[in-house]
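Mapped onto mature numbering (1 follows the signal peptide of the UniProt record, and there is no 0), the consecutive letters of the sequence shown carry residue numbers -22 to -1, 1 to 702.
Hints listed in this document are in silico derivations from the structure and should not be mistaken for laboratory results.
Don't take each hint at face value.
[Said to hold, decoys possible] Pairs of lysine-lysine residues, derived as DSBU-like cross-links and limited to a Cα-Cα distance of at most 30 Å, are as follows:
#, residue 1, residue 2
1, 313, 594
2, 254, 622
3, 373, 213
4, 373, 449
5, 406, 445
6, 549, 47
[To be verified] So the derived label-pair ranges between C-beta atoms look like this:
#, residue 1, residue 2, range
7, 391, 437, 46 to 56 Å
8, 517, 539, 56 to 66 Å
9, 426, 346, 13 to 23 Å
10, 634, 446, 44 to 54 Å
11, 448, 358, 36 to 46 Å
12, 339, 446, 29 to 39 Å
13, 402, 539, 35 to 45 Å
14, 539, 456, 17 to 27 Å
No residue lacks a Cβ here, since even glycine has one placed at the ideal position from N, Cα and C.
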Amino acid sequence: MSRWQCLLLSSATAVSSPIVFASTNAVAQSPTSEEQIIVTADASSRHSDSAGGSGFVADDIELGPLGNKQWIDTPYSSNTVSQQVIKNQQAKSVNELLKYAPSTQMEARGGLDVGRPQSRGMEGSVVANSRLDGLNIVSTTAFPVEMLERLDVVNSLTGALYGPASPAGQFNFVQKRPTPDAFHSVTLNYQGRSAWSGHIDLGDTVGENKQFGYRLNLLDEDGEGDVAGSTLRRKLAALALDWTIRPGTQLQLNASHYEFIQKGYPGGFSYSDNIKLPKAPDPQNKNLSLATSGEDLTTDTISTKLINYFTPDWYLTAAVGYQQADRAMRNVTNKITDNQGTIDRSISGATAAGRFRVLSDLMTLNGRFTTGSWQHDIALSTTGYRQTSYSATSKGATYDLGSTSMYDPDAMIEPSDGKIEAGGERYKSGISSQQSFTVGDTIAFNSQWSAMLVLSQSWMETKSYAKTGEKSSQNNQQGLSPEAALIYKITPDVMTYISYADSLEMGDTAPDEANNAGQTLDPFRSQQLELGVKVSAGNMNYGAALFRLQRPFAYVNDNNDFLEDGDQLNKGLELTATGNLWSTLNIYSGVTLLDPKLEDTGEEETTNKRVVGVPKVQGNILMEYNLPSLPSVVYSANVHYTGKRAANDTNTSWADSYTTLDLGVRYNTRIKNVDSTWRVGMTNVTDEHYWASIFPGDINGSGGSESAFLGSGREIRASVTFDF
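Let's have the full structure, built from the sequences with the hints guiding it.
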């Protein structure tokens, strides 16, 4: 065991000794108006976090400049995955969280741990669609879910709120904040074949007037993953500090360091349009990878936020964040050469890790006033980021690993020193920046009727650089993004809405093979019309949203010019139901019916065809149940279904539908006045072999082969948590 793991184990062992930390049973009191900014977590008995259905229902959601809103009052379809669900389902990655929302997938460009989250079948961007506490972050690197309080997903077009972005929704990761009283939690985990981990979660608020708060999360994981001979290694240190300078004014500081190493797992599979994607092979076949191939990722993040209440109705929020993500990757590439699953294999790696640096900012003034009988909740906001990309100065050597069948692959021999180069020489290859100014007003006409109006003006700039340091291209763009919604509450617990959004997005850049290589097209405009209804009945929340979402499509035409001409049109219906369904049966469920089409692409064989990798039907239901006579034992089952997907843009190849089943049980007890939760679970119980992610070589049809990545095989996970 490592030094961290020994420390974590000794902390857990303390619960069996006569001297233990006293458990804290005091519940935080309801804050006054000026104290509302004191963001804390409840430090009462943690058994409630392990009870059946804990964390299933989220009654509020953060909506950027609009602030924190009640779920029933927002004209958006949204999903929230809470830290209770994360811990009780023993989730380890963002990809594992996305399966609980019916409209989300991970597009695994480079792998499932470094992919792009997306919603409603639209590809997400590297930075614009993902945030940590409202500040932009890199989405294409591994993220430690152990530091999260929740993940909020807004399945909508959000350019008016957050600035230019793909119509793939917004993914806001919310970090754990200090607890009002002393809280200590130690978790020991086992997963895969022999991967052990320890996780410490500490929080408290101290000082004469309880003005200083902290939350510390430490994680150390090391061992063999679910593939024989593989390596899984993760380390996390995350700290959140709160300083209540005075009543109504709080300064927050956050910092985290995360290391992620994964080796010995299958890489991606590429294939051309004339190949029909074969059935998925066994992802746990060790001969599909090399024990030395994989990913070495390091991410450092720091941010600060100031919240100041001038009055109970007017407050200012200002924040700035910085993130550096280094991605060293060296994976086996598999090219499928026939319909029977023959693959040509090779491996190559860069001479240096790729690097992203993101500097992000936000400042918002929120207020409330009345004009006559109308109540206005207004927001004046600016938000933006500057993303700098660094690339290796030279390419590494490529080694041919021969041809084999992916169903019975030959073992591979490492052709070089097997090193994943995490250092090396880099050069600044590009800068993308954008800044938006937003004005929003939510008008309550009476207790039933209200309207939301939001308008943002955005400025965007991209720069590309040669290895010599000279600027090779620059593009500046700007434009407006409006959004409007009309809301009608039939009763306080039944809400209907209709909304329209027109959102700006940075235009795409012509690929190298086009006549206009390097040219950035004018900004894309996506439109969405949505009708929805939300119902809060008893202990259940129900939602339904009918939407029409359209994004421009660019491609290389017959004259070899890259231009915009056509659209991706996704029409769909989302249905969700979460909460206590009956007695001790709790559900977190949803299904999305989607018709994803490409229109007017300029190519007859691709026009009016299904979008690659996007299913017509996707659904998930997480169920938890306990016997009324035995509430300390909770049984859980999760069923996920993804329908068949187009495997190429001409729709001559398809990936089969798949269904996965996860089962688990947990037991809550007390050991010498210390709460403990024991969990054991199995993911993919039936050991389904499936393609988890399929995507085209380029979202815009600029050519190239398609790619596919395998889903995980059957795996056992177990953990025990001590809260004291």
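Of the numbered hints stated previously, which ones are contradicted by the structure, given in increasing order? Every hint satisfied by this model.
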